[in-house]
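Number of protein chains: 2
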Amino acid sequence: MKKMQYVYPFADGDKSMKSLLGGKGANLAEMARIGLPVPPGFVVTTEACNHYLNKGNQLWPDLKSEILENLKSLEEKTGRTFGGAKPLLISVRSGAVVSMPGMMDTVLNLGLNSDTCESLARETGDRRFALDCYRRFIQMFGDVVLKVNHYSFENFITAAREKRKVRTDSELEPSDLEKLIEDYLATVRKESGRDFPQDPNEQLFLAVEAVFSSWNTNRAVVYRRAHRIPDDLGTAVNIQAMVFGNLSDNSGTGVAFTRNPANGEPYLYGEYLLNAQGEDVVAGTRTPNPISELKKELPAVYEQFKAVCEKLEKHYRDMQDIEFTIERGKLYMLQTRTGKRTASAAVRIAVDMVEEGLISTNDALLRVEPSQLEQLMHRRIDPDISLVEAARGLPASPGAASGKVVFNADKAQEMAQSGESVLLVRPETTPDDIHGIIAAQGVLTSRGGMTSHAAVVARGMGKPCVCGCEALRIDLARGRFNIGGEEYEEGEILSIDGLTGQVFFGAVPLIEPQFSDEFYTLLGWADRVRRLKIRANADNPDDAILAIEMGAQGIGLCRTEHMFMAADRIPVVQKMILAGSLEDREAALKELLPMQLEDFKGIFKAMAGKPVTIRLLDPPLHEFLPDKEVLLVELERLNLQGGDPGSISEKEQMLQKVSALSEFNPMLGHRGCRLGLVYPEIYRMQVKAIFLALFELVDEGIEARLLQPEIMIPLVGHREEMERMKVLVDDTARTVFNGSGRELPYSVGTMIELPRACLVADQLAKSAEFFSFGTNDLTQTTLGYSRDDSEGKFLPFYLQQKIIPANPFAELDCEGVGQLVKMGVEKGRQSRPGIKLGICGEHGGDPSSVEFFNDIGLDYVSCSPYRLPIARLAAAHAVLRKNE
Amino acid sequence: MKKMQYVYPFADGDKSMKSLLGGKGANLAEMARIGLPVPPGFVVTTEACNHYLNKGNQLWPDLKSEILENLKSLEEKTGRTFGGAKPLLISVRSGAVVSMPGMMDTVLNLGLNSDTCESLARETGDRRFALDCYRRFIQMFGDVVLKVNHYSFENFITAAREKRKVRTDSELEPSDLEKLIEDYLATVRKESGRDFPQDPNEQLFLAVEAVFSSWNTNRAVVYRRAHRIPDDLGTAVNIQAMVFGNLSDNSGTGVAFTRNPANGEPYLYGEYLLNAQGEDVVAGTRTPNPISELKKELPAVYEQFKAVCEKLEKHYRDMQDIEFTIERGKLYMLQTRTGKRTASAAVRIAVDMVEEGLISTNDALLRVEPSQLEQLMHRRIDPDISLVEAARGLPASPGAASGKVVFNADKAQEMAQSGESVLLVRPETTPDDIHGIIAAQGVLTSRGGMTSHAAVVARGMGKPCVCGCEALRIDLARGRFNIGGEEYEEGEILSIDGLTGQVFFGAVPLIEPQFSDEFYTLLGWADRVRRLKIRANADNPDDAILAIEMGAQGIGLCRTEHMFMAADRIPVVQKMILAGSLEDREAALKELLPMQLEDFKGIFKAMAGKPVTIRLLDPPLHEFLPDKEVLLVELERLNLQGGDPGSISEKEQMLQKVSALSEFNPMLGHRGCRLGLVYPEIYRMQVKAIFLALFELVDEGIEARLLQPEIMIPLVGHREEMERMKVLVDDTARTVFNGSGRELPYSVGTMIELPRACLVADQLAKSAEFFSFGTNDLTQTTLGYSRDDSEGKFLPFYLQQKIIPANPFAELDCEGVGQLVKMGVEKGRQSRPGIKLGICGEHGGDPSSVEFFNDIGLDYVSCSPYRLPIARLAAAHAVLRKNE
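Top line first, the protein sequences correspond to chains A and C. Counting in our numbering, the first sequence runs from 1 upward without gaps. Counting in our numbering, the second sequence runs from 1 upward without gaps.
No lab work stands behind these hints: they were computed from the structure. It cannot be assumed that every hint is accurate.
As the list makes no split between identical chains, a pair holds if one copy fits it or if it spans any two.
As the list claims (entries may be wrong) - Only pairs whose alpha carbons sit at most 27 Å apart, straight line, appear in this in silico DSSO-like list of lysine-lysine:
1. Lys793 <-> Lys628
2. Lys802 <-> Lys827
3. Lys628 <-> Lys657
4. Lys766 <-> Lys822
5. Lys651 <-> Lys793
6. Lys340 <-> Lys688
7. Lys311 <-> Lys340
Work the whole structure out from these sequences, hints included.
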């Protein structure tokens, strides 16, 4: 049996080996393979990690030998010796299969000890440099591997700077560094209970173990859960010869994107620091320079770097996120990966790359995640309102947000769960804050740049973020912050604009989003590819107009009850409900008819030439009456205070009616077609209003054939219900037609939103001309989850505990609810082959659900207007994925 | 093409031709065929009826000719002429396929007119008789065919009797009858606008049309709906030569059952009148004599009749319901059919007939309708007492009860404990009233339907209940109630009959249910035939003992929450719910443990040797707390009246907790295993109590192998839920086992009560060792019907309008819910072939549902103890029907 290979030199890998070598390792190997300057190194595989985690968290002898063998060839390649007189120093970095920024740990300068530090000093002739490396190594290794609190180190170095009265570490003298090393070593001894390991091999194995173990830190687990990354992928470990950005003034380090990750503009974007190591860019003690300045400082290196970037983009056919180091004027590539980008950047880059001939239109479609488009749909601060800027930071992630200032991620989560809008405000964020960022409307930090943790994570989530707002001073201990010399309490409301970096006091007016040309181009490509038609849920003329703008091919759900809720209508609706006789009820309905008629006219007019599905009244009648508990309390008060007998009696009557109509489980109560059967006069009025509206439009000159009304009966579960409701609609239509002496085409169908409706869909399709699956209610009944209750109660717990994989109201439960939908589709088509099939639950705007609906052969999905672009793109993805 | 035959002489028919000739016609033909004395005649078929009803309600020429041809041979057989000098008179009677007593119409003495009346007078030498026949004919034909109000006739005859000062019609003089005939003919002319038809053929055709048309009278339609008789069966018409019971003193007419239809005793049972026609027996003006007296009055006829009855019973192998006429000492049979009987008679007759060798035991089983047994299971009002009904509600749970009216559950318990009989009277009941229901003799509510809380709980306990008695108005505040405009104090004695829904003032004499030897014999035969096992739903030791008596083979559902509801436990339960910390909750649970333990001990002891399925806590926690609306009102009152700050703050805290826990749709809320996952300590306590109880029983000497605990997890919908709950049970068991140093076998399964559970039953069966279908909740979610709401709201309307065929909470909706159950069965067996499958919804005691459960292959059904005999018999029927 061939022995399992757990270690691969870069020379033996390429970019296709991501699952074995991790993303970073595979790309390092690939860059080496295509001739780019990469320091030599090797990768310990993800399989080794899984083996380690499953087998008692111990490195085993064979693995150690394999690592040491590869170390040996590294020594040969570099002409250096690990722990020797011309010491080989190495970096040890994690590298998961899927990029998990900030989640895993890194150790640089490994191999240093008191001896090799002196050797390095001798070799480079720069004792300060060697001591600085050693100081950094002890600090990083102490923190990451030995779990020494990093503040313990920070305190010493801060004290050293203060004592020397300098601003940066690079201004410290070698003697300061010697003292610092002494203090660091003592700290390690004190806090970890052991001496700092001087044996480089021991350092190496401890570091590898630390990388492996970090796969299961809490923050890594949380990140994987948030991004649905499987737990069994494991991480690789990249071991690479060190190059030094802190060796001289023509050394340096930096990060760059091949295009602007915020807006997609096709220019190099990034920042660098000379005479620095990687962590200095992130730490924020020195402000990095924009990459364009490198052209002046080190023009040759800049040109070389630019060429490398172009080569990488052509090679990977996508925008790259690159890390590099310059050692004494020589460029080294330390990482490349597909760059994260905002939605607008994603759209711009995808469309540009098609124009540049790099990718096909189908590639471009797949480059943009449909759910990402949601970012573009966010409202922005109204530019016409003049606001007084309170402060300004870096525009780290576009979009605007308002909320109460909260300093703590746990508290942010808690307040958000209880329904408050919060803004997470921190000096800087760490991976421990992830849940707070998820919960917040936006993120504001006082430190850190465009590539700081907060910026990267917020952009990934499409969450507004302003970084490095130095005018903001945060006093965590006292729960206060200071802007412009004024103090404010935590809880104050602030607004941020992630597009401009501005910060404002109070909540600010937001406006509707605007879309780029590339956005429309991409969606046009999506429309050519997709099979599913896309409709909108719209209840009024304004929404219908918006729906058309967003590309709707019809209205899939017009909820007529929303027309009842307007302030001027509710008294008439209540009169209708409280009516003591059929005559009284019909009189009230007569008043409502012209109101509904006007709404219908506006909607049909906006949608002329496209189908409009109108759902007849659905909610239980008590929803239109005052709240029972409020009435009870008011009545008790009136009685005790000897209130006016007239108003007592009025309230008593209302209470009686409310009590008679109230329900223990309104979701399963007297609603939908159950209302239409018991009170047919209500549905008759609605149907009449629909046809009268249509005739008025015809009179106004709209061609009759352009009007495509689809009348939808809600909550049908039995064949008889559908048949009788069809008769009611047909009879009412006939009466209106006879009255006007002309006819109009229309169709009658039903909303499939009960398990029973799916089970007997063949019977329903005998009289229903279309089905629209109401997956919101179908989810409630199939799972037995009341949406009103579960989202605030057990559902967050269920999600957190992974009892269910996703919120079934956001993402269709394909396994359960989906099975019923599929059954409904098959049975419906069985008895009426040409039946029109769609869905109008909120899942119509969820990408993974849209893919399911495409695959089971629905004709259309319908969603809220602002989710239409998502649905259009998702429907295109569904086709492309199916053909993959 | 052979012409369709629409008319059959009796000689061409037999009892197998019921669907064509109707029940009456087929049996008349059969009796003629086996040589019994039947006046000759013929039958116009049900097909003729349907043809008539479908083709414009007109007799067509071919049918008329066919009738006249048969009339011709009747003339030949009898030597008489229709409308002639020796006139043939005939009876025209309806005869549906299924017996529909009183639903259809009959005309006697047809063929009489002014001429044939005189002929008949001459022929019989009895002018009074002839005039009496003519008078009867005009009255009957006028009423039934010409739709003349029958009071118009009654008024004349009453006046005539009064004028002559006699009590019966037979005492009227011929001159009185002549005058009466004159008045009758004038009345017909005046009210129907036409002369009374004198042409016998016209009389005949009009009568046939009237019978056909009566198929669609309102009362017939209502009867068919109530008894689920298809509308397209149609009725036959029986045309038969008249024989006259009113011809002389040795003539007469009567009805008889071959056995006692009330108790099944094997003796002739019936009554007769001499010198009378059929309608006189019914009219009540003369009191008929018991059949036994015929032996003295006309001994030869009696003996002949007795022999005929014996022959008929042997021939039909069932108890017969017979009509006969005696004409001048000669016996004629006019009808025989299977006799309707009470449940106890049905049981007695079936068992007797097996002993008499008439039928097999399987026949006997099929002779008793399972649902009929319900009559036998409860205390009843002494049927010999005549009572005046005070009000009437829904017959929610059979049995009768008397007691003092009490509005409050605590008070009911208190009074019952001090030995008083009480009736719990409430607008509606909630789980908080359980102890009151237990304590009361019966329950009466003014609101709620057949499956309201009160009804379900009462049926479960076998306690009489009348629901939704709207004539009863309860004023809780003033401690009074109102019936029929009169006010009464709490404490008044009322009686209820849960079989009829009747309410009476005062105590009424009750008789205990007693089971006859035949009852036990029959159920013993059922047990030998059935394949389904029968278990009981029982929540406490008393119910378990009762279950055993009623033949339970195990407990299919022990609801542990009922153990929480007892008055002495609810404060501890509330303490547990209100606990601010896990420690406090566990402390309260520790108090509850010994209470649950005791209950479990009692149940397991009673059921030793049989399986017991214990369902862990199911209802949402707010069900154990005070009502929110009551708290709100109390708090408002306390605040306004300046109440004690301590108790205000206490109430405020309670209100806060109740509000936090309250739900819009508790049915779809935080209950079932969702509780067990969020509060695992509750389930752990319950599981611990189960095993500690079992070990105590082992210590008391019960063999461990006789104890068969099955622990059931409620409301599972996802695989993860089942897997985690299984781990919780196993871990808890392991802890108890380790603590006691020994083990016990047990199994863990789930209640399948959500559509999703059926859809993913294959996944659930991976960890569930048994499924018990909770068809109550499954019906609620599959149909989207809240049981608490729909019964009082749209469901009665739906049933009345035939939108749905039956109440889905009483009879399983096989088409919808049944489809899911079947899917659950198939998928469950697919991944665990030996999985134990049962149901424990109320459908377990419904015969048609039991048949479905048998057919889809369940292992057992479970129902409330008092429904066990029904389920046992229904399960036997299911097997016999399948083999038919």
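> Checking against the hints above, which ones are violated?
Replying inline: 6
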